[in-house]
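Protein chains in written order, with our numbering: chain A, 1 to 195; chain B, 1 to 216.
Note that these hints are calculated values from the structure, not bench results. All C-beta atoms in this analysis are idealised placements derived from N, C-alpha and C, irrespective of residue type, glycine included. Careful, some of the hints might be misleading.
[Claimed, not checked] Chain B residues, not near chain A, derived (Cβ > 10 Å throughout):
(1) E9
(2) R39
(3) T41
(4) T44
(5) E46
(6) S62
(7) K70
(8) H165
[What the hints assert, rightly or not] Under the rule of at most 35 Å between Cα atoms (straight-line distance), these lysine-lysine pairs were calculated in the DSBU-like manner:
(9) B:K98 x A:K102
(10) A:K71 x B:K134
(11) A:K102 x B:K140
(12) B:K134 x B:K109
(13) A:K177 x B:K70
(14) B:K109 x A:K71
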Amino acid sequence: MVKETPNSAASDAARWAALIEAVAKREDREAFATLFEYFGPRIKAFMRRSGASEQGADELAQEALLAVWSKARLFDPGSVGASAWIFTIARNLRIDGLRREKRAGRDHTVEIDPEFHVDEGPQPDAILAGSQLESRVRNAMTLLSRDQLRVIELSFFDDKAHAEIAQTLQIPLGTVKSRLRLAMNRLRGLLGDFS
Amino acid sequence: MTIHHHPPEDLLAAFAAGLLDLGQHVAIATHLVGCPRCRDTVRTMEHVGGALLTGLPPTAMSGDALAMIKARLDGIVPAVASPPRRATGLSDVPGLPKFVREYPAGPWKWIAPKVHMRPIELPEASETRVFLLKSRPGTKMIEHTHTGFEMSCVLSGSFVHAGGHFGPGDFDLGDGADDHEIMIDSADDCICLIAMQGDLKLNGMIGRLLQPLIRM
Chain A
1 MVKETPNSAA
11 SDAARWAALI
21 EAVAKREDRE
31 AFATLFEYFG
41 PRIKAFMRRS
51 GASEQGADEL
61 AQEALLAVWS
71 KARLFDPGSV
81 GASAWIFTIA
91 RNLRIDGLRR
101 EKRAGRDHTV
111 EIDPEFHVDE
121 GPQPDAILAG
131 SQLESRVRNA
141 MTLLSRDQLR
151 VIELSFFDDK
161 AHAEIAQTLQ
171 IPLGTVKSRL
181 RLAMNRLRGL
191 LGDFS
Chain B
1 MTIHHHPPED
11 LLAAFAAGLL
21 DLGQHVAIAT
31 HLVGCPRCRD
41 TVRTMEHVGG
51 ALLTGLPPTA
61 MSGDALAMIK
71 ARLDGIVPAV
81 ASPPRRATGL
91 SDVPGLPKFV
101 REYPAGPWKW
111 IAPKVHMRPI
121 ELPEASETRV
131 FLLKSRPGTK
141 MIEHTHTGFE
151 MSCVLSGSFV
161 HAGGHFGPGD
171 FDLGDGADDH
181 EIMIDSADDC
191 ICLIAMQGDL
201 KLNGMIGRLL
211 QPLIRM
């Protein structure tokens with residue numbers, strides 16, 4: 001799990017953001033290789049947990065890193081942290097992969113990215129810069145209980161219905177939802193404290 | 001627009017994690033259009049996703065992955081923000097997310113006195129159907145139960161039921177356990193986007209007569 005001191009969380013967030021910007025501005029291959037070495041194996045682990053085969057997970061991780069390369073100029077460090085941005089790329093590829101499976105070969109492409117662009121209404125009052133939010137979330141997560149972290153992790157990564165999570169953790173279904181809700185409220189409270 | 005009813009945290013988490021089917025995703029996205037608070041929650045959850053991702057135990061990539069990928073970099077054209085796509089019949093509906101406005105939609109269909117519905121065609125298979133429901137002021141909706149859950153986002157007008165008063169931007173989650181008795185209490189039509197799983201069962205004789213019509 002996430003076990004980092006406040007300082008390392010902040011410097012990691014800033015370092016990854018700088019690497020993505022180096023790719024965006026200079027097509028910096030060294031910076032790309034560093035991102036690849038760090039994020040590739042983690043995205044692969046994410047895809048494996050979501051049910052992808054060994055080879056499928058490898059391909060999806062490679063596709064994700066190729067997308068990091070091609071989309072680097074769209075990365076906006078003011079609004080999103082580097083690892084959150086990479087997470088959303090991996091997430092959208094996972095959705096795409098699952099849909100392709102369902103379509104079973106029928107040729108058809110729908111772009112996933114626009115489905116997450118919904119910022120059309122009024123903006124929240126205070127917006128934290130991406131890397132600030134990233135390090136604050138990481139620090140706040142170290143203060144959650146093990147149970148709270150576990151339920152967040154399961155609901156994020158394993159493509160499991162809450163009923164299955166309840167089975168895995170051997171707790172009632174209602175507890176999964178209330179634990180997740182409590183964990184998120186605690187996280188929001190902690191973020192409020194930090195700001 | 002003051003929003004009083006929000007989706008529960010577990011649904012916002014599932015949205016951020018990309019685990020909702022497209023129909024449910026559309027309903028949450030519609031709420032987000034008008035709700036800065038929930039957008040902020042989703043943004044926070046995406047950062048939770050980032051933190052979880054970096055905390056995962058790494059799984060080694062295939063040996064030649066970096067070399068293979070480096071060889072492909074030259075051929076890659078940098079991505080640009082997607083251009084706007086063609087507008088469809090939904091472009092005039094207020095409060096829908098941009099990507100939903102590009103989906104094809106059928107015509108308004110009469111389904112009950114003072115109630116019309118308009119199916120939205122999703123580009124992907126989804127267990128959840130999505131449609132607009134338009135009800136005239138004063139309509140008392142036919143009492144119904146459903147076998148799955150139902151998400152409603154108010155786009156215009158308002159309604160009231162035992163769970164409270166719902167106006168533009170509000171999100172209502174019916175989990176199939178309760179019967180709704182809904183009353184449209186706005187002066188104008190109430191238009192909602194509904195994402196529904198399972199079949200709607202209408203109670204009463206008129207309901208049973210209407211049932212074949214409401215199945216899309």
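Structure-based check of all given hints:
1. E9: violated, 4 Å
2. R39: violated, 7 Å
3. T41: With a cut-off of 10 Å, T41 (chain B) comes too close to chain A, as the shortest Cβ separation is near 7 Å.
4. T44: violated, 6 Å
5. E46: violated, 5 Å
6. S62: violated, 5 Å
7. K70: violated, 7 Å
8. H165: holds, 21 Å
9. B:K98 x A:K102: Holds, at roughly 25 Å.
10. A:K71 x B:K134: violated, 40 Å
11. A:K102 x B:K140: Roughly 40 Å between the alpha carbons, so the hint for K102 (chain A) and K140 (chain B) is violated.
12. B:K134 x B:K109: Within the cut-off at roughly 10 Å; holds.
13. A:K177 x B:K70: violated, 43 Å
14. B:K109 x A:K71: violated, 42 Å
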